[in-house]
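Novice: Residue numbers (this note's numbering), protein chains in the order written: chain B, 344 to 573; chain U, 344 to 573.
Worth flagging that the hints you see were computed from the coordinates, not collected in a lab. Some hints here could point you the wrong way.
[Unchecked claim] Now the stretches of chain U that chain B is said to cover, found in silico as 3 or more residues with beta-carbon under 8 Å: (1) 379-387; (2) 413-423; (3) 434-441; (4) 462-471; (5) 507-515.
[Stated by the list, open to error] Covered, in the sense of this in silico footprint (three residues per stretch, anywhere, with C-beta under 8 Å from a C-beta of chain U), are these stretches of chain B: (6) 382-391; (7) 446-458; (8) 497-508; (9) 524-536.
Backbone N, C-alpha and C define an ideal beta-carbon position, used for all residues, glycine too.
2 protein chains.
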Amino acid sequence: MGVGAAVVTRAADTSPTEPPSGLPTVVLASASPARRAVLQAAGIDPVVLVSGVDEDAVASGLGDATPHEVVVALATAKAQAVAAEFVDHYPDAVVIGCDSMLHLEGALLGKPHTPEEARRRWTAMAGRTGDLLTGHAVVRVIDGASAGTVAGVCGTAVRFGTPTPAELDAYISTGEPLAVAGAFTIDGLGGWFVDGVDGDPSSVVGISLPLTRRLLADHGLAVTDLWTRP
Amino acid sequence: MGVGAAVVTRAADTSPTEPPSGLPTVVLASASPARRAVLQAAGIDPVVLVSGVDEDAVASGLGDATPHEVVVALATAKAQAVAAEFVDHYPDAVVIGCDSMLHLEGALLGKPHTPEEARRRWTAMAGRTGDLLTGHAVVRVIDGASAGTVAGVCGTAVRFGTPTPAELDAYISTGEPLAVAGAFTIDGLGGWFVDGVDGDPSSVVGISLPLTRRLLADHGLAVTDLWTRP
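Produce the complete structure using the sequences and hints provided.
Specialist: Written out as structure tokens, the structure is:
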């Protein structure tokens, strides 16, 4: 995510302007491979388009917003930026924006980026419970123009286990926790060290399927109509 | 699962009798592709070996066992059968057995197998909460002999959403719910229709990573030592 050129990864045999079925193109406004994998496993192979939203500028412009408001605002900014930028290429589309952060003891935590910060995080997280917040916004594009945005937020409690010092060393040395919000995954190596969640597990991976289903329904779309398999 | 020939799917360049690292071979005593995928995503690429345990005979021999006892007994039977059958091929191994069932309003539910039964299940499940029980047993094989079995159970509450009639038709027509315990997934198409869980999400997919980590620790093994990546 963040600043970068657009990434288009839909299969080359699909026309970018005419969805084969007459249904809207599903656009994922996120470079996260985990989000894309969740959607693909759940029957939707999205176009991936990433726009250069300045997340820090959006967040600092929010003043004293609640954590829920922050992730919804960031998801909305990303979805609307991608919808605006690519409206000519995908004139009939739904654009899904996402933002995830871990809320732990008053702090809102994104990616740790460095081994040192990942270790600090895990030292604070181990044996405790955090709240993984995932904001989603879905922009409906019809006839080459935005026809509205709906948004929502999903909070899932995450009960962290307690890795031994050797396990934590091994986990950090893989690099996985550095690049993910909250310094953990549940669908990768981090899954060994998460004792449980209370909420939607797909939201912890990065895209809440039940919330996305409800937002699509708000636009009058049944998610099953968007399935590309089988 | 059930009766069938053994399936060996480890990479051909790995000697079946000498783990390259001096560490035990990890054997998954289950044909479930979802369980194998969870382990692979979590850093372990197991040998898959399936033995012909008569699950109905094991279950009916248990008398009035609790649901927890049933899934632990079935997981133990599967792991011990595979360990006994393949002890010569994998003289230094950990053999992981698994069994999953959905406990809903007093009934213990496995795979529905037919569209009619899947529809009955979902009609009963929609909007309700069930308990997905996952039993695991880990047999340690050392020097070509069993060195003991440890076992445990993990119960995760699953809050089912309410698919529309058209969504339920579409879901059942995919065939996915017919072949899985409880007639749903959270890591596939079913994820749209599960509003949340309370417990370990990997146990719902079929193999609980934190429980498996604890059972391996009971055998004196750190899961991170068994990681094959990175």
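Novice: Could you run down the list of hints and mark each one as holding or not?
Specialist: To see whether the hints hold, each was checked on the structure:
no.	hint	verdict
1	379-387	holds (count 4)
2	413-423	violated (count 0)
3	434-441	violated (count 0)
4	462-471	violated (count 0)
5	507-515	holds (count 5)
6	382-391	holds (count 3)
7	446-458	violated (count 0)
8	497-508	holds (count 3)
9	524-536	holds (count 7)
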